[in-house]
Amino acid sequence: MTAAARARKYEPRRVPETKVATSAMIASLAAEGYDTVAAPFGHALVEAAKDDPRIVGLTADLAKYTDLHVFAQAYPDRFYQMGMAEQLLMSAAAGMAHEGFIPFATTYSVFASRRAYDFICMAIAEENLPVKIVCGLPGLTTGYGPSHQATEDLAIFRGLPNLTILDPCDATDVAQMVPAMIAHDGPVYARLLRGKVPSVITRYRPDYQFELGRAQMIREGRDVLVVSSGIMTMRALDAAELLAKDGIDVAVLHCPTIKPLDTETIVAEAGKGRLLVTAENHSEVGGLGEAVARSLLRAGVTPSFRQIALPDEFLEAGALPTLHDLYGLSTAKVAQQIRGWL
Amino acid sequence: MPELTANLRSNVSLARRAWGIRRKALQMGEVQGQGYVGQALGVADVLATSYFHALNLRADDPEWEGRDRFLLSIGHYAIALYAALIEAGILPEDEIGTYGMDDSRMPMSGMASYTPGMEITGGSLGHGLGIAVGMALGLKAKGGDQFVYNLMSDGELGEGSTWEAVMSATQHRLSNLICIVDFNNQQADGPTRDALAVGAEAPKWEAFGWHAQEVDGNDLDALVAAFDAARTCPEQKPRVIICNTKMCKGVPFLEEREITHFVRVEPDEWTRALDILDAEVPA
Numbered sequence: 001m002t003a004a005a006r007a008r009k010y011e012p013r014r015v016p017e018t019k020v021a022t023s024a025m026i027a028s029l030a031a032e033g034y035d036t037v038a039a040p041f042g043h044a045l046v047e048a049a050k051d052d053p054r055i056v057g058l059t060a061d062l063a064k065y066t067d068l069h070v071f072a073q074a075y076p077d078r079f080y081q082m083g084m085a086e087q088l089l090m091s092a093a094a095g096m097a098h099e100g101f102i103p104f105a106t107t108y109s110v111f112a113s114r115r116a117y118d119f120i121c122m123a124i125a126e127e128n129l130p131v132k133i134v135c136g137l138p139g140l141t142t143g144y145g146p147s148h149q150a151t152e153d154l155a156i157f158r159g160l161p162n163l164t165i166l167d168p169c170d171a172t173d174v175a176q177m178v179p180a181m182i183a184h185d186g187p188v189y190a191r192l193l194r195g196k197v198p199s200v201i202t203r204y205r206p207d208y209q210f211e212l213g214r215a216q217m218i219r220e221g222r223d224v225l226v227v228s229s230g231i232m233t234m235r236a237l238d239a240a241e242l243l244a245k246d247g248i249d250v251a252v253l254h255c256p257t258i259k260p261l262d263t264e265t266i267v268a269e270a271g272k273g274r275l276l277v278t279a280e281n282h283s284e285v286g287g288l289g290e291a292v293a294r295s296l297l298r299a300g301v302t303p304s305f306r307q308i309a310l311p312d313e314f315l316e317a318g319a320l321p322t323l324h325d326l327y328g329l330s331t332a333k334v335a336q337q338i339r340g341w342l
Numbered sequence: 001m002p003e004l005t006a007n008l009r010s011n012v013s014l015a016r017r018a019w020g021i022r023r024k025a026l027q028m029g030e031v032q033g034q035g036y037v038g039q040a041l042g043v044a045d046v047l048a049t050s051y052f053h054a055l056n057l058r059a060d061d062p063e064w065e066g067r068d069r070f071l072l073s074i075g076h077y078a079i080a081l082y083a084a085l086i087e088a089g090i091l092p093e094d095e096i097g098t099y100g101m102d103d104s105r106m107p108m109s110g111m112a113s114y115t116p117g118m119e120i121t122g123g124s125l126g127h128g129l130g131i132a133v134g135m136a137l138g139l140k141a142k143g144g145d146q147f148v149y150n151l152m153s154d155g156e157l158g159e160g161s162t163w164e165a166v167m168s169a170t171q172h173r174l175s176n177l178i179c180i181v182d183f184n185n186q187q188a189d190g191p192t193r194d195a196l197a198v199g200a201e202a203p204k205w206e207a208f209g210w211h212a213q214e215v216d217g218n219d220l221d222a223l224v225a226a227f228d229a230a231r232t233c234p235e236q237k238p239r240v241i242i243c244n245t246k247m248c249k250g251v252p253f254l255e256e257r258e259i260t261h262f263v264r265v266e267p268d269e270w271t272r273a274l275d276i277l278d279a280e281v282p283a
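So the sequence lines, in the order shown, correspond to chains G and P.
Under the UniProt record's numbering, residues 1 to 342 are what the first sequence spells out, in order.
Under the UniProt record's numbering, residues 1 to 283 are what the second sequence spells out, in order.
No lab work stands behind these hints, which were simulated from the structure alone.
For every residue, glycine included, the Cβ atom is placed at its ideal position computed from N, Cα and C.
Hints are supplied without guarantee of correctness; some may be wrong.
[As the list claims (entries may be wrong)] Here chain G is said to cover these stretches of chain P; the calculated rule only asks that three of the stretch's residues, wherever they fall, bring their Cβ under 8 Å from a Cβ of chain G:
1) 117-130
2) 163-174
3) 221-229
I would like the entire structure built from these sequences, with the hints used as guidance.
What follows is the structure in structure tokens.
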């Protein structure tokens, strides 16, 4: 604990005049001005499982909070409650994959990446088994503090061979990544958006289809290229609307597959002379920004480069909108940062 | 009781099979001048009983769907399992000389992608039993009557993940799961019982809802009885056989040596150990 933190710990607080509720763990990212879809992961999994008896669902006491309860209700015989035991969750999923099943294993991102890593590494990834690890609360999507904020999950998992990593933006991505994960013969780690999930991308690109391994231009723009993943694509698109009012034309390239990264598209777009900004709901260490930077350096393409990401710190607890503003992930802060870099 | 496959049932005695496993493990140890031969000699009787009495498998089709699964959670015991797989005709005997070499199918730690008959990649301890739970669930879902055997060490009793799997196996009434604990009371830094309070093993597993037996793991008759009891137990619960084994069993001058996790064998002692085995070949 720093001296500043210790001093703050003993500082009495007053009840604020404006009440800002702490976002609960079950909170979704609704109310962003978009239509929402309820539990897109759970419903997509039910749909996929209709004709595919290989699909089973396992969870470590978080079915309700990962939308797997929808699958559990539809297929109670194909749902396995593994208890609050994430190491077992991953090992047992590996065992079922050995027996020919395609297990979807759900928990929170913090528990999968921190607690169960060795089991994902050795029981699943080393054998390239088709276990699909789908995890709630990725990055900064809860105000509960570091115990539940998976700010380094991408950094942890990017080093793992064989593992495909997905960071979906919205309900369309979440629903369409399910059949794509099943079609992919290998392990996948997917960050999950649950509950009421906004439909964002189809507002800009009605023809949009999620494709595993592919980055797609959602919005064209002459002045700035934002390369983003997850909810930061939504924030980038919203910020682009704000910046357009100032005459700043922002392109948004959405990269829902973090690994393998669509280097070809990124390098091609980065070579067009625009300021390049990466935007991710993740620590500045080891996530999309560093992956993009590496791709550009290796290709010899070096545009002006800026990174929007969470700081290399344990983040504060509080209300999610406040935290997104504090750490630069809110729409206003994204727009403000880009404006400042031009 | 499930039928055993004919090709592994023969007139060859289990004692002769255990002797063959010990001999092959020593031969592999000689190739590298090292290896976990202490563990291999200790667990040879357990492997002989597993592969030549209990397991339902086909030597010419190691991935036969109807086989009983045998998981080697303790990857460093690979030398012992290779010896059993060679003895069973799943691996060819003429590859003994490749043990631990570049491009060998028998690396020093057991991995699924290298070796026919090696079901999982072990080695990171505390993984096997959880994987076995998933396999047992999968086999039940498919309506199969195969057993899943997981061979683990006493050291793995210290891994929390083992106990997650223990509780889950009871929760899911996994009567098709048989866990074998090689209790030689030796882990890397010394005796297992000096590291963590493992306590009275069988009562502990029973308290967790398992059918538990504790046997002399170097007594073939006791092992056969225990495996039969585990396979035929009518209760809908998982089964464990705690096998108290002696490191280096069968080679007296090594048995008497100060026992450590990695038993030291001098270059000229491999032949001496093999000669001792060869002097008394079981019928």
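Cross-check of the supplied hints:
1. With a cut-off of 8 Å between beta carbons, the stretch 117-130 of chain P has 9 residues touching chain G; three or more are needed, and the interface restraint holds.
2. Against chain G, the stretch 163-174 of chain P contributes 6 residues with a C-beta closer than 8 Å to a partner C-beta. That satisfies the three-residue criterion, and the hint holds.
3. Interface restraint, the stretch 221-229 of chain P with chain G: violated (0 residues with C-beta to C-beta distance below 8 Å; minimum three).
In this structure, only the earlier hint numbered 3 is contradicted, and the remaining ones agree with it.
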